[in-house]
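Colleague: Sequence:
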Amino acid sequence: MFSFNDFVEWVATNRQSLQTMLIMRKNTKFTLIWITFVIGSFLHDYFPLPASYFSNSKNFFNVYFVKKGWGWTVILLSAYITSLLIKQKVNNWRTFYKHLSRLGVCTVLWFVFTKGFEIIENLTGTCVGGSELSSKQICHRNDYIWNGFDISGHCFLLTFCIMIINEELNCSTNIVTCNHNGVTQPADPQRGKGVRYVLGVPIREEVFENLIEGLSMMLILLMLLWEIMLFFTCLYFHTLSQKLLGFAMGAGCFYAAYECLFKISHRYIPCTPSMIAELNHES
1 MFSFNDFVEW
11 VATNRQSLQT
21 MLIMRKNTKF
31 TLIWITFVIG
41 SFLHDYFPLP
51 ASYFSNSKNF
61 FNVYFVKKGW
71 GWTVILLSAY
81 ITSLLIKQKV
91 NNWRTFYKHL
101 SRLGVCTVLW
111 FVFTKGFEII
121 ENLTGTCVGG
131 SELSSKQICH
141 RNDYIWNGFD
151 ISGHCFLLTF
161 CIMIINEELN
171 CSTNIVTCNH
181 NGVTQPADPQ
191 RGKGVRYVLG
201 VPIREEVFEN
211 LIEGLSMMLI
221 LLMLLWEIML
231 FFTCLYFHTL
241 SQKLLGFAMG
251 AGCFYAAYEC
261 LFKISHRYIP
271 CTPSMIAELN
281 HES
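First residue of the sequence shown: 1, per full-length UniProt numbering; consecutive thereafter.
Since the hints were derived computationally from the structure, they do not count as laboratory data. Computed from a predicted structure; not experimentally measured. There could be a bad hint or two in this list.
[Claimed, not checked] Computed list of lysine-lysine pairs in DSSO-like fashion (alpha-carbon distance at most 30 Å, straight line):
hint: 1; residue 1: K58; residue 2: K136
hint: 2; residue 1: K68; residue 2: K115
hint: 3; residue 1: K26; residue 2: K89
[Unchecked claim] Across the chosen pairs, the derived CB separations fall in these ranges:
hint: 4; residue 1: I35; residue 2: T13; range: 24 to 32 Å
hint: 5; residue 1: G129; residue 2: T173; range: 49 to 57 Å
hint: 6; residue 1: S17; residue 2: G104; range: 31 to 39 Å
hint: 7; residue 1: V128; residue 2: A277; range: 48 to 56 Å
hint: 8; residue 1: A256; residue 2: I120; range: 15 to 23 Å
We treat Cβ as the ideally placed atom computed from N, Cα and C, and that holds for glycine.
Required output: the full structure, derived from the provided sequences and hints.
Modeller: Shown next as structure tokens:
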């Protein structure tokens, strides 16, 4: 029987192949998830499928991953970016700020848009079966249905997360794979061979290599899960207009941040992830 340990071993063995298949240029990734969106939405509207495990909103992946999707994405990316900066021998706090604050800006966008969706749904709806109830929460608490315009928060979140993870990984591929290509960073003779100091604590180089590779693989698998869940969201839930708005806003937030805002050269504005690979190895 194929166990979890077998799966982990298979992933580790095929990491390079998975990385090649799943990480790509941003516009190619956008095209791929747009095709996923179109196919899922088309089947939903014209060839509705019978109920399945994924049509139940209480399924394991939806409850423990998608509904906490922003947390999963930010935690793993924060650890990944921090590890990359340490690997690049960065000890300048401003550089850490310039890279980690990308996630802060994206978190603000995520929060503003998801709260905005809730406000729109509340303003555009009424409680079916209890017209005197004026809010969605009270309506649902009384087992009635709220018929407001529900922009797909799942489509927004999953699209936004997929594009961010892909871009962060794509811009750092050379750093992650350098050890496998036979290229190693020179050891610091004053600090000790094969040792990296973090806050004065010596940590062996291999630990960082394994940590970065592990985080990279977890992010690739998380991105794959988000792509699968985007398909099932389109296949089973929401109207086309609700899904399309969520998808468009998720993609729009990504491009506004990564293609516009982060390319502005200013000390307080986050920089693009490609700057990690361009860092001179500061000592």
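Colleague: Decide, hint by hint, whether the structure agrees.
Modeller: For each hint, the structure was consulted:
Taken as a hint, the K58 and K136 pair is honoured in the structure, with Cα atoms around 19 Å apart against an allowance of 30 Å. For the hint pairing K68 with K115, the CA-to-CA distance comes to about 15 Å; that is within 30 Å, so the pair holds. Proposed proximity of K26 and K89 is supported: the alpha carbons are some 27 Å apart, at most 30 Å. As the Cβ distance of I35 to T13 is approximately 29 Å, the hint placing it in 24 to 32 Å holds.
Taken as a hint, the range 49 to 57 Å holds for the pair G129 and T173, whose Cβ atoms sit roughly 54 Å apart. Hint check: S17 to G104, Cβ distance near 33 Å, so the stated range 31 to 39 Å holds. A C-beta distance of roughly 54 Å is found between V128 and A277, which places it inside the suggested range of 48 to 56 Å. In this structure the supplied range 15 to 23 Å holds for A256 paired with I120, their Cβ-Cβ distance being about 19 Å.
The structure fails none of the hints (numbered hints given earlier).
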